[in-house]
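A.B. asks: Those letters in the sequence shown? Residues 1 to 409, by the working numbering.
You may find that some hints are simply not true.
[Stated by the list, open to error] With a straight-line cut-off of 27 Å between C-alpha atoms, the simulated BS3-like cross-links for lysine-lysine are: (1) 370 with 223; (2) 73 with 167; (3) 163 with 179; (4) 214 with 72; (5) 251 with 223; (6) 92 with 52; (7) 41 with 286; (8) 207 with 68; (9) 212 with 68; (10) 172 with 73; (11) 361 with 286; (12) 172 with 214; (13) 52 with 370; (14) 369 with 217; (15) 92 with 68; (16) 151 with 73; (17) 73 with 207; (18) 251 with 72; (19) 251 with 212; (20) 72 with 163.
Simulated from the structure, these hints should not be mistaken for lab results. Bear in mind that the values here come from a model prediction, so they are computed numbers and not experimental data.
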Amino acid sequence: MRIILFDLLTSGHHIQYINYLNRYFMAQGDEVTFITWQPNKHIERLPISNPKFKVEYIKPANTNEVSKNILKKQLQYIQSIRYCFKYAARSKANIIQFMCIDRNEVPLFLNLFFKIRSKIPQVFAILVAPYFLHEKNENRYKNPFVFFLTKTHHNINKWALQKLLTKGFLHKLFVLSRKTRQSLLDNLPLVREDTIQTIPDPIELFKYNISKQKARKTLNLPKEIPLFLYFGGLRWNKGVDILLETIPLVKKNCLWLIAGSADDITQKDIDTLKGKLENPESVIAKLEFIPDDDVKYYYLSTDAVILPYRRVYKGTSGTLQHAAAAGKPVIVSDVGEIGQIVREEKLGIVVEPESSISLAKGIEDFLTKKDELSNDIRDRALRYAKSKDWRIMANRIRNAYLEEFKSKE
Numbered sequence: 001m002r003i004i005l006f007d008l009l010t011s012g013h014h015i016q017y018i019n020y021l022n023r024y025f026m027a028q029g030d031e032v033t034f035i036t037w038q039p040n041k042h043i044e045r046l047p048i049s050n051p052k053f054k055v056e057y058i059k060p061a062n063t064n065e066v067s068k069n070i071l072k073k074q075l076q077y078i079q080s081i082r083y084c085f086k087y088a089a090r091s092k093a094n095i096i097q098f099m100c101i102d103r104n105e106v107p108l109f110l111n112l113f114f115k116i117r118s119k120i121p122q123v124f125a126i127l128v129a130p131y132f133l134h135e136k137n138e139n140r141y142k143n144p145f146v147f148f149l150t151k152t153h154h155n156i157n158k159w160a161l162q163k164l165l166t167k168g169f170l171h172k173l174f175v176l177s178r179k180t181r182q183s184l185l186d187n188l189p190l191v192r193e194d195t196i197q198t199i200p201d202p203i204e205l206f207k208y209n210i211s212k213q214k215a216r217k218t219l220n221l222p223k224e225i226p227l228f229l230y231f232g233g234l235r236w237n238k239g240v241d242i243l244l245e246t247i248p249l250v251k252k253n254c255l256w257l258i259a260g261s262a263d264d265i266t267q268k269d270i271d272t273l274k275g276k277l278e279n280p281e282s283v284i285a286k287l288e289f290i291p292d293d294d295v296k297y298y299y300l301s302t303d304a305v306i307l308p309y310r311r312v313y314k315g316t317s318g319t320l321q322h323a324a325a326a327g328k329p330v331i332v333s334d335v336g337e338i339g340q341i342v343r344e345e346k347l348g349i350v351v352e353p354e355s356s357i358s359l360a361k362g363i364e365d366f367l368t369k370k371d372e373l374s375n376d377i378r379d380r381a382l383r384y385a386k387s388k389d390w391r392i393m394a395n396r397i398r399n400a401y402l403e404e405f406k407s408k409e
């Protein structure tokens with residue numbers, strides 16, 4: 001098959017999912033093209049030297065990045081999807097896989113609506129999280145007008161997604177959990193059940209296991225003190241500011257390793273927190289992109305991974321999957337899919353979201369029975385991670401392509 005993977009973003013889970021599918025498809029003999037916005041450092045993580053793999057850039061290097069402004073971003077996606085369809089026609093591609101359709105349903109719908117259907121390959125997409133399904137207590141905007149505009153935008157996207165599925169423009173929508181699939185079917189009543197398919201939120205088990213002591217030595221961390229890890233982008237919806245409020249409330253001696261690219265929280269915020277602590281050296285910040293080869297050391301060095309996410313956070317979490325792959329307990333907010341997964345799989349402690357007091361209590365509870373919890377959770381976490389192996393995800397997606405081909409014969 002000739003397969004196009006499309007995603008304008010390449011940070012975080014975006015490049016990981018692209019890498020997983022690309023590796024699997026090429027192993028099956030498929031030709032893969034990845035279409036993205038412009039060259040960047042993350043592209044180097046892909047097998048760009050393989051003759052079966054190509055990267056197509058919509059814009060050259062040193063041009064404007066994908067905008068954070070909603071309207072500009074939508075226009076960029078409309079333009080980029082049009083480019084993708086033209087490239088697919090020239091290259092005679094069989095499949096276009098949109099890697100993350102979240103918040104870009106309208107550009108895809110507009111492009112498909114105004115195209116001649118017979119000239120377009122089969123189109124598939126992944127929805128990472130049902131962001132447009134709101135709860136009453138998750139409003140992040142103090143300004144009611146801004147919140148109204150946000151909900152209106154989300155509702156338009158939900159309408160566009162329903163149209164994509166009911167009109168057959170989108171052959172299959174992949175989601176990362178049964179709960180998300182059911183929520184979509186409940187909220188998109190005209191959509192047939194067979195158009196939404198569950199795939200695992202993928203993870204690659206660490207290629208080799210090393211001791212916590214060796215991992216800490218690699219990162220130049222103290223060996224004996226209990227250590228908690230926050231890993232990932234320092235964004236508002238991931239509640240890193242709640243963690244900063246929590247740290248002074250925990251009276252027991254421990255270390256806090258915060259690793260990921262600065263966003264809503266910066267080094268200045270970290271320094272302000274340190275100034276309020278009796279032991280400012282207990283907070284270790286690595287506010288930068290962590291190379292793939294180093295990620296395992298962060299997870300293997302910790303005693304527990306903290307996910308203090310806010311109520312607006314939907315879906316699953318790559319950080320949770322990495323913690324499981326390392327066999328580590330987690331302390332998580334009861335939001336999205338995360339709280340339910342941790343309870344059902346018995347992977348750690350679940351706390352009330354958006355509460356530094358509740359998070360501090362969860363951390364104190366963990367420290368009280370650290371060794372017991374760590375030993376108890378390790379095997380369950382590894383079994384859970386194996387059930388989410390990236391090859392299972394890639395196999396299900398490719399089988400969906402083949403089933404679609406058979407149905408057209």
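A.B. asks: Take a quick look at whether residue 212 and residue 68 sit within 27 Å of each other, Cα to Cα.
C.D. replies: violated (39 Å)
A.B. asks: Checking one constraint from the list: CA of residue 251 to CA of residue 212, max 27 Å. Satisfied?
C.D. replies: holds (23 Å)
A.B. asks: For the pair supplied as a hint, residue 214 and residue 72, is the alpha-carbon distance within the 27 Å limit?
C.D. replies: Not satisfied, since the Cα-Cα distance of roughly 47 Å exceeds 27 Å.
A.B. asks: Is the straight-line distance between the alpha-carbon of residue 72 and that of residue 163 27 Å or less?
C.D. replies: holds (23 Å)
A.B. asks: Going straight from one Cα to the other, do residue 73 and residue 167 come out at no more than 27 Å?
C.D. replies: holds (25 Å)
A.B. asks: Within 27 Å, alpha carbon to alpha carbon, are residue 251 and residue 72?
C.D. replies: violated (47 Å)
A.B. asks: Would the pair residue 163 and residue 179 pass a check requiring their Cα atoms to be no farther apart than 27 Å?
C.D. replies: Holds - the C-alpha atoms of residue 179 and residue 163 are around 21 Å apart, at most 27 Å.
A.B. asks: Hinted pair, alpha-carbon criterion (27 Å max): residue 251, residue 223. Please report holds or violated.
C.D. replies: holds (20 Å)
A.B. asks: If you draw a straight line from the CA of residue 370 to the CA of residue 223, is it 27 Å or shorter?
C.D. replies: Holds - the C-alpha atoms of residue 223 and residue 370 are around 15 Å apart, at most 27 Å.
A.B. asks: Between residue 92 and residue 52, is the straight-line Cα distance small enough, at 27 Å or below?
C.D. replies: The hint holds at about 15 Å.
A.B. asks: Quick one, are residue 151 and residue 73 close enough, alpha carbons at most 27 Å?
C.D. replies: holds (17 Å)
A.B. asks: Straight-line Cα separation of residue 207 and residue 68 no greater than 27 Å?
C.D. replies: violated (36 Å)
Hints 4, 8, 9, 12, 13, 15, 17, 18, counting from the list given before, are not met by this structure.
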